[in-house]
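Q: Residue numbers (the numbering used here), protein chains in the order written: chain G, 1 to 113; chain C, 1 to 111.
Simulated from the structure, these hints should not be mistaken for lab results. We treat Cβ as the ideally placed atom computed from N, Cα and C, and that holds for glycine. Heads up, some of the hints might be wrong.
Partial selection, computed: residues in chain C whose CB lies under 10 Å from chain G [what the hints assert, rightly or not]:
{"hint": "1", "residue": "Q6"}
{"hint": "2", "residue": "G43"}
{"hint": "3", "residue": "T49"}
{"hint": "4", "residue": "L87"}
{"hint": "5", "residue": "C88"}
{"hint": "6", "residue": "F101"}
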Amino acid sequence: DGGITQSPKYLFRKEGQNVTLSCEQNLNHDAMYWYRQDPGQGLRLIYYSQIVNDFQKGDIAEGYSVSREKKESFPLTVTSAQKNPTAFYLCASRDRGLDGELFFGEGSRLTVL
Amino acid sequence: EDQVTQSPEALRLQEGESSSLNCSYTVSGLRGLFWYRQDPGKGPEFLFTLYSAGEEKEKERLKATLTKKESFLHITAPKPEDSATYLCAVQAHNQGGKLIFGQGTELSVKP
């Protein structure tokens, strides 16, 4: 079955450590997105990529980095520069470029101790 | 600035008690409005896309409508399994495909 796989589902890290969240899709979608979700807040866009080897900053990119070396993969690194990294992270992809719905993965919950 | 506001923040219904969720938006040229359902600890699940004022879409007990300023998600005779958080998002023209989400409405349906 086609879909988006995020891993790990739960991740605990010490303050000051970089962590990388994996996102893989087998939907053959060109565009991929990373969102952050905090309790009581809407999803906020971190980074997005519309094509391989290209990506753009979203609304809250500070303290995060991404790469898009393959069409099916869009990993997110949460760096030590991110001041409040504990959150639920959602990866999504989209067919047809700028139109159509986003398909979401199951999310990764990061807790920084 | 493009904005999406959902109300109420939380809604408790008895099974069979119909109601509506509201999504008010301010956007510089609407390209599409999206409704999603999200269960606790899960990723959002797509429900509907609406593109122009007057458009309506239905799926089982859910019906989404759109005006120039807001969208409603009507829930008819809800069941406990409809309990979830419902998210609204808008996409504007010339924004590179970005979706702006509201904070969601948490719906609880009691038997």
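Q: Next, verify each hint and record whether it holds.
A: Hints versus structure:
1. Q6: holds, 8 Å
2. G43: holds, 4 Å
3. T49: holds, 6 Å
4. L87: With a closest approach of 7 Å, the L87 (chain C) hint holds.
5. C88: holds, 9 Å
6. F101: Since the shortest Cβ distance to chain G is 4 Å, the answer is holds.
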